[in-house]
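J.: Now for the letters of each chain:
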Amino acid sequence: MRVSNKQMINIVKADLFRNSAYLMKAEERVATRKMINRPSDDPIGMGKILDYRKTISSIDQYNRNIVSAKNQTEFTGTLLENLQDLLTQAKRIVSEHSANALDPALRESAVQELKGIHDQTLAIANTKYNGNYLFAGHKTDTLPFPTNEVAVEPGSSVNDGESFLISSASVDYYVWYNVDGGLSDPNIAGRTGIQVDISSADSAAQVASATQTAIAGAPGPVFNAALNGSSVTITTSADSKGVHATDHDSGFSFYNADYNGDNGKLNTIVGEGIQVRLNLTGNEVFSSGVNSVFQHLKTLKEALAADPFDPSVLSGLENSLAENIDQVETAAVKLSTTYKRLESSETHWNQFRNSVLGMLSRVEDADLATAIVELQAQETAYEASLASAKKLLGKRSLVDFLG
Amino acid sequence: MSGITGILYTGMQALTAHQRGIEVAGHNIANVNTPGYSRQTVHLKSNMPIMTSQGMVGTGVTAQQAKRVYDQFVELQIENEKEEVGRWDAQRNALENVEIIFNESSDSGLNKTMGEFWNAWQDLVNNPSGNLERQALLGKGEILAFEFQGIYNRLTPIQSDLNTSITGTVDEINFKTAEIANLNQKIMEIEGTGVNANDYRDARDLAVKDLALMIDLKTYEETSGSLSVSLGDGTTLVTGSTVFELTTMINDSGNKDLALASHPDDSISDKISGGKIKGWLEVRDVIIPEYKENMEDLVNGLKGVESTKVVTAAASTLNGGEYFTINSPATSYYVWYSKDGAGADPAPGGQGIKVEVSDSDTAAEVAIKTAAAIAKENDASGAVFDVAVTGGSTIAIANVAPGGVDDSADFNTKFAITKRVDGGNGINFLHRNGFDLNGQSGEDFFSGTLTGNSFALNEAVAADPGKIAAAGTAAGAPGDNSNAVAIADLQNAMMMNNNTSTFDLFYNAMVTDIGNEVRYANTSYEHHASMTTHLENYRESISGVSLDEEMISLVQFQLAYNAAAKLIKVTDEMLQTLINIV
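Chains A and B, in that order, give the protein sequences. Start counting the first sequence at 1; every next residue gets the next number (this note's numbering). Start counting the second sequence at 1; every next residue gets the next number (this note's numbering).
Next comes chain B alone, as it looks inside the complex (with noise of 0.2 Å):
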């Protein structure tokens, strides 16, 4: 169309034009803070030009589609880093709650009770018959396994309240990925037609976002313009408009795992590798049990012994390490059992006799075995012990230097197969060796474990103060004070990490370790973080909205809005000139 009513549709084009502008403009600043919105622009096009006898003739403007102004890549990067600060923000909160327990101030924590009970032996040192230093003996060991037992259980509900929050989050990731899904179904109708649905994808980023926090995700846009989402290891959340849920189980510990709500009982949760869930189930599954685990060593150290057992018919009950001990007067050998050659010696450098046997052995073929390495120990170091198998499965051990038979044992039922941690000889160990005030043979001092939620003292030496086997020698009560000696000396030895590290070094480097791991998270939400705020601003820069440019930009339209409305006046005066002539 070209002459007067051409440039009165030239005038209009212009006026929707940049109507439009100052249209999007004002979206811009009416969503200047709205998380995860996107500027948009229009485009300006100049029309199609016609050919007429004077030429090309231009016919003015049109407003394309607004387009958002985004940054697929940054977008990437976001949700990548969200899927690390959600991870460590989890696990550095987790942690925080761990450490607390573990704090240990100047006055109170379980270094300080460890040095009062090892002190209040030395005390019945100095004193062995004393009631005083005895009840306060039973006071301070009393504390001790209280405390010990009190951080244990400490640690229980830390794991059980991360329970609960796993479960909330996986609510909100059904409820995202529901969001998601619908977001796709509403793209996919509104792009069909032609049209940028540029608020949606807006809508559509920032769920994705919120959802990196909570878990890691993978995505791939489709052509129709719908997000698939799955985790990090291609199991799908969201196609096109189905949605995947999660949904929590409950695994062998008792906690809770997470699968697919199709499939309730595959547990998927050793295949999450970010976000909340990430930081939670690490704390839950590996940091936590780790400490339990070294509190519970630590017991065992303290108590020497980790489980007696008595093994009573096929050899099948013995496992990899176990050991027994036989005494000659001089040294006492341990024998002990490796199963189908695995199970390392367990007290290196002590005088073991190794008895190899396999999984098939009966209870006879063990005896047989077990006679056979003690004879041949003998034959290398000097006939010690006589062997005698006798009835089957019976083995009778003798001594055949000065002293006389130390221990004979029926192996249908009398091998006290003892399995001992750190070389085995706690306090339990000593404290049975001593005797108490009347001269009798100690008891166990401790009693009970940590996981049983029983570590406590043995309820007979708890109810009576006599029965501390201060004492070396039956004749040595009341005055003997040798056994509390060597008990008293437990707190320098080295009785940790395979004779490597005392009680005191064992829990210090514990602490420091959960120190550590504090700090590691910290420093690694930090780190993350700062990247995403980084790479936010970074977003910001593209995609966010300045005001002072859509101040330019209205005044940018608003001008020529007035001008195209000149434009329309101007050919209206050109078409009364006309209408005039006539």
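Only chain A is shown next, with the shape it has when bound in the complex (with noise of 0.2 Å):
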């Protein structure tokens, strides 16, 4: 075959050039250690990164919710471990004071704990986690167990459209302020409203008349309203229920064992498709109405106090109470099997995890020693076309013997 002199040049920089390129991809693949720079390195390994990717950051958002969880179960259950003793509290003092009737010194010191687990009852069931009310189901935003929707102090600080709730056996009443004519109705659903009229300049003493009179002239209602200087005292005359008098100075102290909140089931996201009920409602551990734990602290106190004192009212005190106790033990109960749930979820999305990122990790990242030896491999063989390249351009032609 004949050899011309551009062939040979054609030869040369054709060699040298693939030689560089793939000096530059080994080069490439040593500075980035990865094996795969862009989808056409690999387009299936490409493929392949982009999902262990997403599976990746899916696990870790799993694991961001199993953690948050968990710290709402923890924070959960040490709520309901501190109810717990509450209520073994009361239920002491009931069997304290049914077995024989204590002097009346000692009831009244019973009295005074009772206030005390009252409110703290009060306060567990009213606790915010995050801002939001733990055990008010999806009605995050309103008090389960309302003590006073608003504190009413005197005069100025009573704002348009401010409302507290009163109840009667069957419909709860809110009665609200409209300042100045200024604001309507809030339309609390499922409730029905009285409007009391008053004005910004009004003293607290003609609030309170303003209420007293409202209310006593609401079709419907079928509370008693009384005028004591500043305060209004509400009763109602179907029964005894729920409805407490009430200071206007200090505030319209109130509280029903109504819960307030809905049955509302609140899930997080622990895998594909996998999802744990966090929540429990404030019916699931505290009860409403008639059997909820506040109605029986309020019965026992009620009893308590009550002059003269009729150890029989306790006995039957003693069963609600245990069964109140029972409820947060199965509420408790629940929590932890929720717990195990997620500790167990989070053990397998770790051990996950590892073997994705080892995977990840096999298909994209360039073995090191490797990635050098072939970087080497590379080195010495574009060396090796530049010295043969040397070679071949240098060689001696017949001009060079013809002189």
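Hints should not be assumed to be uniformly reliable.
Here are the simulated distance ranges between beta carbons [as the list claims (entries may be wrong)]: (1) Lys67(B) x Ala14(A): 47 to 55 Å; (2) Ile250(B) x Gly273(A): 15 to 23 Å; (3) Ala384(A) x Ile552(B): 26 to 34 Å; (4) Gly439(B) x Ser355(A): 41 to 49 Å; (5) Met249(B) x Ser355(A): 22 to 30 Å; (6) Ala384(A) x Gly452(B): 51 to 59 Å; (7) Asp266(B) x Ile372(A): 43 to 51 Å.
From the derived model, a few chain B residues whose C-beta atoms are all more than 12 Å from chain A [what the hints assert, rightly or not]: (8) Asn163; (9) Gly476; (10) Met510; (11) Ser530; (12) Ser541; (13) Ile552.
Hints were generated in silico from the structure; no laboratory data involved. All C-beta atoms in this analysis are idealised placements derived from N, C-alpha and C, irrespective of residue type, glycine included.
Two chains, each in its own frame: build the complex with the hints.
T.: Here is the structure:
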């Protein structure tokens, strides 16, 4: 075969270009420590990498969900423990006083103790976690067991549309203030409203008086409202349930045992399509209405404070409180089951994450030793092609000999 | 002529012939690096002998015309390979730009953004009323929409850059065809006088090969020596010294197509099958539009609804496969239209009721057919709906199962005919089914389209994080997270490719496709480039100049030249001898 000068040059050029391209690729792998630097390096591998990365990102999110769920569960668990202690104390008081009539001074101190237990129980029931009521179901912005809806301080602190709640046996009423004719009925769902027209210049006594008039004059309500200076006392004439005397000066203190939340369940995602229920509703822990913890505590307090004292009222309460304690225990068991599920999910994800990381690394990462050896090999090849180019191009031709 | 003068004449001819040989060798040496040059050789031929009384006497040598050494077949093969080299080189360069857009590193890219978007929904699940979580979700949604739109928008400049490349190359093609025509003219003139136009032919071959890099060609050499050049499909570019110029025109998509300058409105782009132009057209008109469509599909899948159409008058506005949904208490039925028998069931496996309509149906006829189809379905599956056609084109659908009327629609104004993509239950659909912090029904989460350069969060939602519909019921707000759970679950739902692929997998497959496409273009380019190198080496081994060989020729001709001079000297001496005798 004839070999022309240009042919040699072309071959040298092509070889050098090819070897330098290989060298660059090998260099890139060492520099980035990745086998795949763009989709075309390994299209299938790239698809896998994206899938693994997505999986890892999901697992990290599941783990975040689990950590947040564990925190909430632990927090709730602590509350339930405290609650259990409080109720056990109350039960102890019942058994102490039902066995024999102790002297009034002891009963008096028991009432004080019960008041504390009641307040603490209520505080637990109305605990906020992350800014949300923990035992309110879906109504995380509604006080699940209300004490007072608005503390109305004398005169000027009454705002437009503020309301408080009073209950008859069957219906909830809200009483709301319309200051200077300024605001419309807040329209609280499920309740019947009683409007009190006041002006911002009104004194506390005037507000109380207006409130009394409004309640007394409203069609339907079965309340008696009595005025005492700046205090208005509301009692129901149908039965004695749920309505407390309220002192207007220190705030319309009100509570009834009704649960204001709902039975909404809150789930968290702990895996693809796997959800774990997180929350306990107020109903599940405290019950509502006549069977509620608060109703029982209230009844107990009233019975101990009653004069004359009737120990027979207490006998039924011991069982009722025992049922309440059972209920709290059931809730606590549910919670610990949830916690176990969360923990096992966490373990699973941590192990799985490691194995996905391994898979990702096997596809994406360059084995540094191999990559460096490869780079060395390509460097040698490139240098060899340079050396051969020198030989080929620098060779003496016939011209040198025919001078 | 014979005798001593004959010898003198022989010597002179030998001098001339070998001088010619040295000239040609010199020309070869001078052109050792000229692209496209074919080495030339001089053929020496002995002259006609003359018959004398002593028998045949030789009369010396003549140098024939210098001929170039070349192989027509190899030239044609190179030309063909160049078309492919040009095509794949153009394609891989353009595609590498596309690849960069879709490149996913570990800390950026759409895959990551989508993951974060879904994770933000899960964060919302953990705290459905949290303002922080809601703000974060809006942020992630905004970034997601921004990235989608960004990728889509970055594809368009690649297309318009290709337009510029195409326009520039058309000018180059016209330049080359003009050069070929000019060379044809010269070759015809010179070869008409019986002389070989070697160097012009080399230049013409080179021009044809350059042209082949840009566009696919067929060439044919006429007996006159001129070369006819046409496109692969036979459209003539050059015949003799006449050139048919190409030009560009704007096609329906606003891109540049090729056309003959004589018919500037008739696109010939689809006739081109090779060269850079083909590579660019392929990327611009086939590959990028496909990616854009995939992105659009992905966005539509995410949103869940492609288009909502209110049928106002005649049935002709219905398209095959369009449908609307009616609800019984337990199940959703979709009613879809098969126009003139066309259009496949849009949601296979669902509770579909098919209505066969035709182009010529009036609105009233469509209403009657719809009612009949729904009633027929009732017969088969137990009556669920009460269908009445009232007032011509109005259809009322009532539910006879417990739960009352779910949907009654006035055909003239109220049939919102909704065409869904991939089952349709995308984010917007679910979001509208949920309830926001205030217990109000959700609105669309995303709005706009990629084609309209408007894909973004729905402005109303973007302005107010409270409007994110995390709750599943109106009463459930603010603590209910069931709708957020449902939307977060979409990440792993089979929403794409006729319910066979998740969003992530769909996108991953797209990136893999692009990788494959680039890879294929690279491999094809390398294959054809190495074929070309091989063929060009082969051509060089035939036509290329070897300096060694030329040195040998020089020595060879020089020796002969010296000998011929010696011959003349000897003859001269012989003549002297003769003259001295006298």
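J.: Tell me the hint numbers this structure goes against, listed in increasing order.
T.: Hint check: 1, 2, 5, 7, 9, 10, 11, 12, 13 fail, others pass.
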